[in-house]
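Work the whole structure out from these sequences, hints included.
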Amino acid sequence: MSERKLTRNQQLVLDRLAASGSALTAYDLLDQLRGEGLRAPVQVYRALETLGQRGLIHRIESMNAFIACCAHDHQAAAGFAICDDCGEVAEFAFPASEEGLRSEVGKAGFETRHMTVELHGRCAACAGR
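Under numbering that gives the first Met the number 0, the letters of the sequence shown match residues 0 to 128, in that order.
Bear in mind the hints are in silico, worked out from the structure with no lab data behind them.
Hints should not be assumed to be uniformly reliable.
[As the list claims (entries may be wrong)] If you anchor each label on the Cβ, the simulated ranges turn out as follows:
1) Gly120 with Gly36: 37 to 45 Å
2) Arg3 with Tyr44: 13 to 21 Å
3) Lys106 with Asp30: 43 to 51 Å
4) Ala126 with Glu90: 16 to 24 Å
5) Ala126 with Pro40: 32 to 40 Å
6) Arg45 with Gly127: 39 to 47 Å
For glycine and all other residues, C-beta sits at the position ideal for the given N, C-alpha and C.
Below you can see the structure in the form of C-alpha coordinates.
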(Lines of atoms letter the chains of each structure in order from A and count residues from 1; the text may use other names and numbers.)
(Lines give C-alpha, C1' and ligand atoms only; values in the text may rest on other atoms or scores of the structure.)
Protein backbone atom coordinates (compact mmCIF):
# COMPACT_ATOMS: atom_id res chain seq x y z
CA MET A 1 0.00 0.00 0.00
CA SER A 2 1.22 3.52 -0.65
CA GLU A 3 2.83 5.58 2.06
CA ARG A 4 -0.07 8.02 2.38
CA LYS A 5 -0.23 10.13 5.48
CA LEU A 6 -2.34 8.70 8.28
CA THR A 7 -5.65 10.32 9.13
CA ARG A 8 -6.08 11.89 12.55
CA ASN A 9 -8.03 8.88 13.86
CA GLN A 10 -5.49 6.42 12.46
CA GLN A 11 -2.64 8.32 14.09
CA LEU A 12 -4.48 8.48 17.43
CA VAL A 13 -5.09 4.72 17.39
CA LEU A 14 -1.52 3.92 16.33
CA ASP A 15 -0.03 6.21 18.98
CA ARG A 16 -2.20 4.67 21.70
CA LEU A 17 -1.24 1.14 20.67
CA ALA A 18 2.46 2.10 20.54
CA ALA A 19 2.28 3.62 24.04
CA SER A 20 0.45 0.64 25.54
CA GLY A 21 2.36 -2.09 27.31
CA SER A 22 -0.19 -4.68 26.26
CA ALA A 23 -2.64 -5.48 23.50
CA LEU A 24 -5.82 -3.39 23.38
CA THR A 25 -9.26 -4.32 22.08
CA ALA A 26 -11.19 -1.96 19.85
CA TYR A 27 -13.41 -1.05 22.80
CA ASP A 28 -10.37 -0.40 25.03
CA LEU A 29 -9.14 2.00 22.35
CA LEU A 30 -12.54 3.67 22.08
CA ASP A 31 -12.73 4.17 25.85
CA GLN A 32 -9.19 5.59 25.97
CA LEU A 33 -9.69 7.90 22.98
CA ARG A 34 -13.12 9.36 23.75
CA GLY A 35 -11.44 12.48 25.09
CA GLU A 36 -9.71 12.87 21.72
CA GLY A 37 -13.02 12.94 19.87
CA LEU A 38 -13.55 9.29 18.92
CA ARG A 39 -17.15 8.53 19.76
CA ALA A 40 -18.23 5.48 17.76
CA PRO A 41 -16.80 1.97 17.39
CA VAL A 42 -16.83 2.33 13.60
CA GLN A 43 -14.20 5.10 13.87
CA VAL A 44 -11.85 2.75 15.70
CA TYR A 45 -12.58 -0.25 13.46
CA ARG A 46 -11.92 1.77 10.29
CA ALA A 47 -8.61 3.01 11.71
CA LEU A 48 -7.63 -0.52 12.77
CA GLU A 49 -8.49 -1.93 9.35
CA THR A 50 -6.33 0.59 7.51
CA LEU A 51 -3.45 0.31 9.98
CA GLY A 52 -3.54 -3.47 9.61
CA GLN A 53 -3.57 -3.27 5.82
CA ARG A 54 -0.54 -0.99 5.96
CA GLY A 55 1.33 -3.40 8.24
CA LEU A 56 1.52 -0.93 11.13
CA ILE A 57 -0.39 -3.06 13.64
CA HIS A 58 -1.04 -6.74 14.33
CA ARG A 59 -4.19 -8.45 15.52
CA ILE A 60 -3.62 -10.84 18.40
CA GLU A 61 -6.15 -13.49 17.45
CA SER A 62 -6.42 -15.25 20.81
CA MET A 63 -7.13 -11.97 22.61
CA ASN A 64 -9.20 -10.28 19.89
CA ALA A 65 -6.91 -7.30 20.44
CA PHE A 66 -4.24 -5.28 18.65
CA ILE A 67 -0.63 -4.15 19.11
CA ALA A 68 1.59 -1.74 17.20
CA CYS A 69 4.06 -3.46 14.89
CA CYS A 70 7.66 -3.40 16.11
CA ALA A 71 9.31 -4.68 12.91
CA HIS A 72 8.10 -2.68 9.95
CA ASP A 73 10.36 -4.45 7.44
CA HIS A 74 8.53 -7.81 7.83
CA GLN A 75 11.49 -9.86 6.65
CA ALA A 76 10.16 -12.85 8.62
CA ALA A 77 6.78 -13.99 9.81
CA ALA A 78 5.79 -12.31 13.06
CA GLY A 79 5.21 -14.30 16.21
CA PHE A 80 3.84 -13.13 19.53
CA ALA A 81 4.75 -14.16 23.08
CA ILE A 82 1.75 -13.43 25.30
CA CYS A 83 1.92 -13.35 29.10
CA ASP A 84 -1.20 -14.96 30.52
CA ASP A 85 -0.65 -13.21 33.87
CA CYS A 86 -0.15 -9.53 32.97
CA GLY A 87 -1.18 -9.43 29.30
CA GLU A 88 2.16 -8.18 27.95
CA VAL A 89 2.66 -9.04 24.29
CA ALA A 90 6.13 -9.22 22.76
CA GLU A 91 6.57 -9.40 19.00
CA PHE A 92 9.39 -11.53 17.59
CA ALA A 93 10.56 -12.69 14.18
CA PHE A 94 9.36 -16.26 13.75
CA PRO A 95 12.50 -18.26 12.93
CA ALA A 96 10.83 -20.81 10.67
CA SER A 97 10.29 -19.95 7.05
CA GLU A 98 6.73 -18.82 6.44
CA GLU A 99 6.94 -20.19 2.92
CA GLY A 100 8.21 -23.52 4.28
CA LEU A 101 5.23 -23.78 6.62
CA ARG A 102 2.82 -22.92 3.83
CA SER A 103 4.48 -25.54 1.62
CA GLU A 104 4.14 -28.25 4.27
CA VAL A 105 0.43 -27.68 4.83
CA GLY A 106 0.00 -27.28 1.08
CA LYS A 107 1.08 -30.90 0.65
CA ALA A 108 -2.17 -31.84 2.35
CA GLY A 109 -4.11 -29.64 -0.05
CA PHE A 110 -4.58 -26.84 2.48
CA GLU A 111 -4.39 -23.32 1.07
CA THR A 112 -3.14 -20.86 3.70
CA ARG A 113 -4.53 -17.31 3.61
CA HIS A 114 -3.25 -16.02 6.92
CA MET A 115 -0.72 -17.19 9.48
CA THR A 116 -0.43 -16.15 13.12
CA VAL A 117 1.99 -17.62 15.64
CA GLU A 118 1.02 -16.97 19.26
CA LEU A 119 2.81 -18.45 22.25
CA HIS A 120 1.15 -18.21 25.67
CA GLY A 121 3.04 -18.37 28.95
CA ARG A 122 4.61 -16.02 31.50
CA CYS A 123 6.86 -13.03 30.86
CA ALA A 124 10.16 -12.69 32.74
CA ALA A 125 8.67 -10.28 35.28
CA CYS A 126 5.73 -12.55 36.11
CA ALA A 127 7.83 -15.71 36.11
CA GLY A 128 10.19 -14.09 38.64
CA ARG A 129 7.44 -13.41 41.16
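Hints, verified against the model:
1. Gly120 with Gly36: 37 to 45 Å: holds, 38 Å
2. Arg3 with Tyr44: 13 to 21 Å: Given a distance of about 19 Å, which is inside 13 to 21 Å, the answer is holds.
3. Lys106 with Asp30: 43 to 51 Å: holds, 46 Å
4. Ala126 with Glu90: 16 to 24 Å: With a Cβ separation near 19 Å, Ala126 and Glu90 satisfy 16 to 24 Å, so the hint holds.
5. Ala126 with Pro40: 32 to 40 Å: holds, 36 Å
6. Arg45 with Gly127: 39 to 47 Å: holds, 40 Å
Violated hints for the displayed structure: none, as all numbered hints are satisfied.
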